[in-house]
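Q: Residue strings, one per chain:
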Amino acid sequence: GEDVEQSLFLSVREGDSSVINCTYTDSSSTYLYWYKQEPGAGLQLLTYIFSNMDMKQDQRLTVLLNKKDKHLSLRIADTQTGDSAIYFCAVNAGNNRKLIWGLGTSLAVNP
Amino acid sequence: DGGITQSPKYLFRKEGQNVTLSCEQNLNHDAMYWYRQDPGQGLRLIYYSQIVNDFQKGDIAEGYSVSREKKESFPLTVTSAQKNPTAFYLCASRGGIANTGELFFGEGSRLTVL
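These protein sequences, in sequence, are chains A and B.
This note's numbering puts the first sequence at residues 28 to 138.
This note's numbering puts the second sequence at residues 36 to 149.
Honestly, the hints are just simulated from the structure, not real lab data.
Careful: at least some of the hints might be erroneous.
Far from chain A, by Cβ distances over 12 Å, these chain B residues were calculated [said to hold, decoys possible]:
| no. | residue |
| --- | --- |
| 1 | Phe47 |
| 2 | Ser57 |
| 3 | Pro110 |
| 4 | Ser115 |
| 5 | Glu142 |
Under 10 Å between C-beta atoms, here's a sample of chain A residues computed to sit facing chain B [as the list claims (entries may be wrong)]:
| no. | residue |
| --- | --- |
| 6 | Gly67 |
| 7 | Ala117 |
| 8 | Leu126 |
Glycine is no exception: its CB is placed at the ideal position from the N, C-alpha and C atoms.
Model the full assembly from the supplied sequences, consistent with the hints where possible.
A: Next comes the structure, spelled out in structure tokens:
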């Protein structure tokens, strides 16, 4: 079945760049998303990329999509302590556009 | 402002009791979803509804029930049949097929069974 995988933890120093990686199995996915979850809160959409794009940049965020390898990454430039959160990768799959979720990557930013 | 409101934010329940979590949206979205989140397990889909008066089971529907009598509302009942109900519950909605398909989430409800 469809699957999305992410590494569970990432630790960076404040001011460095963070790169969170995600791999998926469904090659028919049309939209791929990155969500952020702060402790005890719901998920917020950070950004998304359409499958016919290779890259999307939005301020400090850069999304790279490699369709051949089914690999998606989120780069956060100049990472701040406020970026500490769980980051979820999600892709839509199948005719019903069901969202398949990764388990989330917990980003810790150290001062 | 438009959004999704979940209530209560924290809820305590004794074993054997049913409890209902509220989810209301004013985004005029057709589709609504309930997810359960446990540490290390990501999001698991409980139930979803794509239109009023219709809903489908997700991956872990056993021990849960829902209703969709109004477009704005999608309450989730955690029944006494749910063996391990302590979790963080998230409600979400999604707009029409013409959009990018992202989900909008509420702030979540944390249920603890004593």
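Q: Now look at each hint and say whether the structure bears it out.
A: Hint by hint, here is what the structure shows:
For Phe47(B), the condition that its CB be more than 12 Å from all CB atoms of chain A holds, with the nearest at approximately 16 Å. Chain A leaves Ser57(B) outside its interface by the beta-carbon criterion, the shortest separation being 14 Å against a cut-off of 12 Å. No beta-carbon of chain A is positioned within 12 Å of the beta-carbon of Pro110(B); the least distance is around 17 Å. Look at Ser115(B): its CB is around 26 Å from the nearest CB on chain A, clear of 12 Å, so calling it non-interface holds up.
With a cut of 12 Å on Cβ distances, Glu142(B) falls inside the contact zone with chain A, its closest approach being about 5 Å. About 7 Å separates the beta-carbon of Gly67(A) from the nearest beta-carbon of chain B, less than 10 Å, and the hint is met. At about 8 Å, the closest approach between the beta carbon of Ala117(A) and any beta carbon in chain B falls short of 10 Å, and the interface hint on this residue holds. This hint holds: Leu126(A) has a C-beta 7 Å from the nearest C-beta of chain B, less than the 10 Å allowed.
Hint 5 alone, counting from the list given before, is not met by this structure.
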